[in-house]
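Q: Residue numbers (our numbering), protein chains in the order written: chain A, 1 to 141; chain B, 1 to 157.
Please note that the accuracy of each hint is not assured.
Per label pair, the in silico range of CB-to-CB distance [unchecked claim]:
no., chain 1, residue 1, chain 2, residue 2, range
1, A, T120, B, V97, 46 to 56 Å
2, A, S37, B, K40, 23 to 33 Å
3, B, S53, A, N95, 11 to 21 Å
4, B, E66, A, Q27, 25 to 35 Å
Straight-line Cα separation of at most 27 Å, BS3-like style, residue types lysine-lysine; simulated pairs [unchecked claim]:
no., chain 1, residue 1, chain 2, residue 2
5, A, K83, A, K47
6, A, K86, B, K47
7, B, K47, A, K45
8, B, K40, A, K84
9, A, K123, B, K75
10, A, K46, B, K130
11, A, K47, B, K117
12, B, K130, A, K45
13, A, K59, A, K123
14, B, K40, A, K46
15, B, K47, A, K113
16, A, K86, A, K113
17, B, K113, B, K130
18, B, K130, A, K123
19, A, K124, A, K83
20, A, K123, A, K113
21, A, K89, B, K113
22, A, K124, A, K84
23, B, K47, B, K130
24, A, K89, B, K55
25, A, K45, A, K89
26, A, K46, A, K86
27, A, K45, A, K113
It is worth saying that the hints were derived from the structure and are not from the lab.
Quick reminder that beta carbons are idealized off the backbone N, C-alpha and C, glycines included.
Residues per chain are reported as follows:
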Amino acid sequence: MIGIVVVAHGDFAYSLLRTAETIVGAQRALAGISFESTEGLEDLKKKMELAIKRVDLGKGILVLTDMLGGTTSIACLSFIHGKKDKCIKVISGVNLPMILEAILHRNEYNLDKLSNLLITKSKKSILIANCLSENDKKGCI
Amino acid sequence: MIVLARVDDRLIHGQVVVGWLNAVKANHIIVINDTVARDKIQTSIMKMAVPPSIKTSFLTIETAIEKLNLKNMEKNRIILLFSNPHDVIPIVNSGIVIKSLNIGGMRFSEGRKEVLKSIFISNQDIEDFKILSSRGVHIEGKILPNDQPVDIMSIIG
Chain A
1 MIGIVVVAHG
11 DFAYSLLRTA
21 ETIVGAQRAL
31 AGISFESTEG
41 LEDLKKKMEL
51 AIKRVDLGKG
61 ILVLTDMLGG
71 TTSIACLSFI
81 HGKKDKCIKV
91 ISGVNLPMIL
101 EAILHRNEYN
111 LDKLSNLLIT
121 KSKKSILIAN
131 CLSENDKKGC
141 I
Chain B
1 MIVLARVDDR
11 LIHGQVVVGW
21 LNAVKANHII
31 VINDTVARDK
41 IQTSIMKMAV
51 PPSIKTSFLT
61 IETAIEKLNL
71 KNMEKNRIIL
81 LFSNPHDVIP
91 IVNSGIVIKS
101 LNIGGMRFSE
111 GRKEVLKSIF
121 ISNQDIEDFK
131 ILSSRGVHIE
141 GKILPNDQPV
151 DIMSIIG
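One chain only, chain B, in its complex shape (with noise of 0.2 Å):
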């Protein structure tokens, strides 16, 4: 089952791995990005680089819509991790379902202006939010496990 689904553009990285994983309980991270999951060097060094005890997986958003309707998905706490809000369109308009969105790390980066706490959105995002707000999912802001959430809809209209 997906206990996190969240949008983090570090992806993997100490608030994940520590923070939200014993938050969640979970026992799988799966990053869906098509471009780290084909980079070899890349999804090495992070597997590398997270503690062996921790499941992780790299999928192209392709094949995660394939693998997370496999029925076996259920036994395991799995966190899925996004680097941004677009990418979770594919995944939702699949089937696959994410009640709530946790956004928690959109650095600044031109064009983007600060909505929450180190937040940062562009207007595709804003297109993004609405799309999937649509599809009902809750746009959480909330960068870790005891911060207080905020709704993103409400702030950007």
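Bound-form chain A, shown alone (with noise of 0.2 Å):
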């Protein structure tokens, strides 16, 4: 089973998890954290590395990230920068279809894989929605 870690701005990844799991039911290796803008970008790091280990299963470990841009990236990035082991993936832009997703299928796929189907799934999530409806195509794209 792949690992998954969230890493976010202020309380979102904790609220992310919990409302995950009420859709799909408590997991294990997954884990949340939290960023306030009192902390430093090495405080992040040494979360960081301490919920990989936790959640680490040997099969990877994937990590979503909120923002670009954001300390929460910036963090992940330097993680992962110069680590001889590929085993981790970072992706931004996490929102609940992907983390839906990604707890759906880590046991069925690779982290290549599940990275690909992640970013292909979580980008046709986002649509204007009244697109849906056969009445109201104007505007749509």
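These two chains come separately, so use the hints to put the complex back together.
A: This is the structure we're talking about:
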């Protein structure tokens, strides 16, 4: 099973995981990391190290982070920088469909395949929802 | 043109890349910091972490003085980021006009006093603010674009 760590600003990671677990049930090898504005990059990297150890079951780690440009993504990228083993993948722009997809398929695919699947599927989940109605195609792409 | 000059010890992060970038409609972020500019690993990580639509540069103080004086700088809307007020002095001394210096992030460390919520300054910072202020730079405490601006000089006297 691929371990999952969510790194996000404020309480977002906890809320996201709690919400995901109400949908797909309690999970193991799943950790959330909060980041408060009073904390520094080094604090965040330490928390990541601990979380990754906790969820590592030997099949690779998926790190999902909230926003490019934020300290969260800088911490994730500097965490993996220079690491020789390629068993950690960082994906930005985490949302509920993405985390659900990750949880549901992490036993089935390897880390590369799961990462690609998440990108494709979660991008498809973002759309102007009105456009799903046959009667309201105006302004849709 | 320089649309924002900010002291923020975290340099590039969410408040800057999302909040300020949109508020001042900037398209180029220039980090002016000797240590960071010489650290290839740190600069490459920060570049990767910033959305590709935003141009980012990491310059030493010396290079910044050269580049910012070039004419073609006028067409971009630039955010200048410094990790401390001391680094701003040589820039201002070189003739680059910074009317207002935004103080947005100076975190606590030993010997620093809180002058504003989340803004901690040392005696050295006070001296630097005084120099900058005497050069006509307004020192404005404002973490987020919608925050009420605070005149730092009136607080530190």
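Q: Decide, hint by hint, whether the structure agrees.
A: We went through each hint and held it up to the structure:
no. : hint                       : result
1   : A:T120 - B:V97: 46 to 56 Å : holds, 49 Å
2   : A:S37 - B:K40: 23 to 33 Å  : holds, 28 Å
3   : B:S53 - A:N95: 11 to 21 Å  : holds, 20 Å
4   : B:E66 - A:Q27: 25 to 35 Å  : violated, 54 Å
5   : A:K83 - A:K47              : holds, 17 Å
6   : A:K86 - B:K47              : holds, 21 Å
7   : B:K47 - A:K45              : holds, 18 Å
8   : B:K40 - A:K84              : holds, 18 Å
9   : A:K123 - B:K75             : violated, 34 Å
10  : A:K46 - B:K130             : violated, 37 Å
11  : A:K47 - B:K117             : holds, 25 Å
12  : B:K130 - A:K45             : violated, 36 Å
13  : A:K59 - A:K123             : holds, 25 Å
14  : B:K40 - A:K46              : holds, 22 Å
15  : B:K47 - A:K113             : holds, 26 Å
16  : A:K86 - A:K113             : holds, 14 Å
17  : B:K113 - B:K130            : holds, 17 Å
18  : B:K130 - A:K123            : violated, 51 Å
19  : A:K124 - A:K83             : violated, 32 Å
20  : A:K123 - A:K113            : holds, 16 Å
21  : A:K89 - B:K113             : violated, 40 Å
22  : A:K124 - A:K84             : violated, 33 Å
23  : B:K47 - B:K130             : violated, 33 Å
24  : A:K89 - B:K55              : holds, 25 Å
25  : A:K45 - A:K89              : holds, 15 Å
26  : A:K46 - A:K86              : holds, 19 Å
27  : A:K45 - A:K113             : holds, 26 Å
Violated hints for the displayed structure, listed by number in ascending order: 4, 9, 10, 12, 18, 19, 21, 22 and 23.
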